[in-house]
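2 protein chains.
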Amino acid sequence: MNAPTTHLHLLPVVNQRPVPLALIEALQAQFGARCSTALVVREQHGRDESSFDVPPPGAVVFARSTAEVAQVVKLAAQHNIPVIPFGVGTSLEGHLLAVQGGISLDVSQMNEVLSINADDLTVTVQPGVTRKQLNEAVKSTGLFFPIDPGADATLGGMAATRASGTNAVRYGTMRENVLALEVVTAQGEVIRTGTHAKKSSAGYDLTRLMVGSEGTLGVITEVTIKLYPLPEAVMAATCCFDSLADAVNTTIQIIQLGVPIARCELLDSNTVRVVNQHSKLGLPESAMLLMEFHGSPAGVQEQVETVQSIADDNHGSAFAWAATPEERTRLWTARHNAYFAGVQSRPGCKAITTDTCVPISHLADALLDSVAEAQEAGIPYFLVGHVGDGNFHMGYLIDPAIPAERETAERLNHQLVERALKLGGTCTGEHGVGLHKMNFLVTETGSGAVDMMRAIKRALDPQNILNPGKIFTL
Amino acid sequence: MNAPTTHLHLLPVVNQRPVPLALIEALQAQFGARCSTALVVREQHGRDESSFDVPPPGAVVFARSTAEVAQVVKLAAQHNIPVIPFGVGTSLEGHLLAVQGGISLDVSQMNEVLSINADDLTVTVQPGVTRKQLNEAVKSTGLFFPIDPGADATLGGMAATRASGTNAVRYGTMRENVLALEVVTAQGEVIRTGTHAKKSSAGYDLTRLMVGSEGTLGVITEVTIKLYPLPEAVMAATCCFDSLADAVNTTIQIIQLGVPIARCELLDSNTVRVVNQHSKLGLPESAMLLMEFHGSPAGVQEQVETVQSIADDNHGSAFAWAATPEERTRLWTARHNAYFAGVQSRPGCKAITTDTCVPISHLADALLDSVAEAQEAGIPYFLVGHVGDGNFHMGYLIDPAIPAERETAERLNHQLVERALKLGGTCTGEHGVGLHKMNFLVTETGSGAVDMMRAIKRALDPQNILNPGKIFTL
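Chains as they are written, first to last, in numbering that gives the first Met the number 0: chain A, 0 to 473; chain B, 0 to 473.
No lab work stands behind these hints, which were simulated from the structure alone.
There may be inaccurate statements among the hints.
Below are the SDA-like pairs computed for lysine to any residue, each with C-alpha atoms no more than 25 Å apart in a straight line [unchecked claim]: (1) 421/B - 399/A; (2) 225/A - 171/B; (3) 73/B - 30/B; (4) 225/A - 30/B.
Please take these sequences and the hints and turn them into a complete structure.
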């Protein structure tokens with residue numbers, strides 16, 4: 000966020016729709032100081048964790064209710080001006096950038112936990128509630144919400160990008176965990192999708208259409224999600240391997256055997272090194288799996304024995320246990336900070352992050368060849384992976400002042416995605432398409448499927464005012 | 000299927016589009032005898048397990064490939080004639096009926112298991128493969144496909160209705176288990192949705208938009224689904240209760256405690272009686288839970304102990320075990336035949352089946368009051384439930400020759416749905432909307448959400464040729 004903007008990747012600015020004074024005045028009449036045109040506020044809302052640079056939005060509105068969100072969208076629709084929903088700005092793919100100008104609609108003040116339905120293992124929140132805030136709020140119920148992208152993202156943003164994280168291998172992603180939504184449409188109408196029942200066959204699955212739509216089909220104003228009983232027993236361990244291949248093969252076998260492992264994360268030796276530096280850990284600097292097991296005491300013991308035996312067969316070390324809750328928290332916090340540790344390991348750099356996900360049997364092919372290519376290219380990188388899901392991230396650490404580095408990183412990314420798609424995988428397991436993966440999306444799904452997405456977008460947002468220019472161009 | 004058609008529920012026939020001779024000739028030129036206009040074939044394709052009566056489709060085409068499906072849709076589009084995908088005809092909601100006339104597109108001959116990817120726990124099948132055929136085909140891999148609507152439905156039909164069944168409480172529904180689809184659009188184009196990766200954030204979730212769209216957005220021509228390792232240990236048991244309330248409360252507590260029970264099915268005493276008669280079982284004729292536990296031997300033992308203790312607290316009997324695989328199969332086959340057992344218990348009757356699903360904490364409220372109402376009305380009924388999901392089915396057994404009985408059943412159904420919706424539930428947990436629940440859908444989701452569905456339908460099928468008149472009217 001603090002890197003000099005002049006070194007960021009400049010996007011061609013097309014279809015800019017400058018915010019007219021009449022709209023600003025109407026918003027200020029309604030929202031007073033909660034509609035800001037101050038440059039610092041606009042710049043703060045015109046940047047995310049991606050490496051793109053575009054002009055900031057014309058104004059920022061801080062909404063406090065669904066009705067206010069609807070008002071903003073209706074006013075914007077009257078003036079044919081884009082609206083870009085904004086939570087806490089942790090997107091990695093440029094989702095929040097005002098590529099066609101417009102209003103950044105900040106919902107971070109809509110951060111109430113509306114109802115905790117412990118008896119049904121569900122909770123309903125406003126979109127600005129963050130995952131850590133949610134888990135704090137439900138702590139006394141003995142339940143928890145497992146989905147944990149690295150950043151402390153909002154539930155609205157997580158729903159909009161179909162986010163996941165380290166626990167997805169056991170608990171699924173936002174796709175599996177959102178039950179119902181309240182959404183403001185492009186016409187400023189408020190609709191509800193889904194119910195609080197566990198399953199339903201009632202018409203088109205609008206909930207899952209909205210989940211992952213990246214703010215292009217509606218503004219999410221309420222999210223109902225599943226909670227899970229805190230496991231009776233939790234054990235976390237690290238296991239070191241001489242080679243990445245051994246760690247990857249261990250993972251593949253764990254999944255193929257159906258072990259209900261709760262977390263199965265990979266770090267390469269270089270990433271362990273930067274994580275050690277960043278988080279003051281003393282982990283052995285080799286390829287490593289970070290694992291967590293949830294269940295009854297006996298069930299956890301069974302899982303641990305199975306996994307240790309698989310690791311043994313693949314030349315893994317004995318498990319090192321994070322015995323106390325505090326040690327576990329320290330370990331997983333360090334894992335969640337791996338992205339920042341990676342970026343800080345090269346001062347002034349920007350990370351170009353990959354996000355492919357492949358069928359588990361192809362994980363070794365996908366991952367090892369991509370690592371070999373990065374090593375050959377000589378570019379600094381970090382490597383972390385939700386490998387239990389077949390999902391891993393390379394972060395190419397480029398000097399934004401050296402165009403050749405960006406080109407190398409983009410070439411490597413391109414090769415990596417092409418490989419994943421050939422292996423039956425996806426260009427993005429959890430970050431979304433945003434600005435960066437639009438071409439990959441066409442390669443992945445074919446133009447027919449993208450045309451179907453376009454048709455849906457045109458039908459629901461004929462003025463193209465909801466986060467335009469993301470996922471695909473119209 | 001053999002009931003006299005004259006006693007079935009007559010729907011107002013509107014927007015009939017008679018199939019022109021030119022289209023029949025074009026189809027026969029292409030498909031020869033696989034395009035049939037014989038009355039018996041058309042009638043066979045103009046009826047499902049629902050109690051509606053409409054004129055049969057104008058022709059039936061038996062397709063053998065995706066290319067042939069595309070040809071049929073393109074020809075139908077040229078003539079602006081409906082196309083109704085047909086598998087094996089087990090829909091309960093009138094999905095297969097040619098309410099606007101048109102071509103029944105039978106895909107039951109597209110029944111190849113295309114690829115078993117045991118290393119990735121996935122399989123790709125043509126839409127006409129049935130769930131039993133699939134499980135037979137993957138048997139040697141040590142994997143299985145858990146989703147089991149009562150009938151031996153096709154995977155294409157199950158995807159189209161977002162089906163589930165007895166195992167959904169543990170393994171989810173078609174919503175959670177379809178990874179990727181091949182679909183023929185209303186324009187006769189072939190698209191692919193999803194990938195073989197476990198998760199993805201690549202654009203709109205077209206897979207889940209198609210799943211549950213009841214043939215109105217595309218014709219499913221290929222389905223890639225998840226498989227699961229056969230559990231190391233399986234134990235099935237029945238448990239009797241003095242009252243329905245005790246059985247329901249046991250279920251609620253099992254789910255709230257997070258027991259990973261694989262099946263948790265309720266039958267009331269009357270249904271046990273008709274199942275006994277139909278399947279020659281000697282089950283005690285009281286309210287009963289049929290349960291199954293999957294896991295490691297120790298894990299199963301833990302689950303059993305927990306559940307037995309909950310049942311004890313609710314005045315349940317000791318478990319009666321289905322010890323051998325054969326006994327288990329007999330028990331679950333009987334459960335799957337409960338619908339037919341119910342219907343056969345009153346010769347000449349038709350069943351009006353309900354399908355509400357509520358948040359688990361409200362299951363007792365939803366179920367017990369509905370039973371009390373049915374008893375008060377004096378109408379014969381059966382009651383079965385995937386109660387672990389909060390989903391249960393009343394089958395009101397009406398004499399189709401007595402209009403007052405249908406009226407009573409419809410009134411009871413109406414009250415039951417209204418109650419479920421008030422409790423945060425859905426009008427249909429797994430059967431779909433079809434013809435029967437269109438009004439309920441509006442009550443459930445609100446007209447704004449149904450309008451959004453309509454907008455999507457119009458965008459993807461502007462001629463309204465794909466299974467028109469289902470889910471909503473345009």
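Status of each hint after checking the structure:
1. 421/B - 399/A: The given pair, whose Cα atoms are some 56 Å apart, is violated under the 25 Å limit.
2. 225/A - 171/B: Satisfied, since the Cα-Cα distance of roughly 14 Å is no more than 25 Å.
3. 73/B - 30/B: With Cα atoms ~14 Å apart, residue 73/B and residue 30/B stay inside 25 Å; holds.
4. 225/A - 30/B: violated (49 Å)
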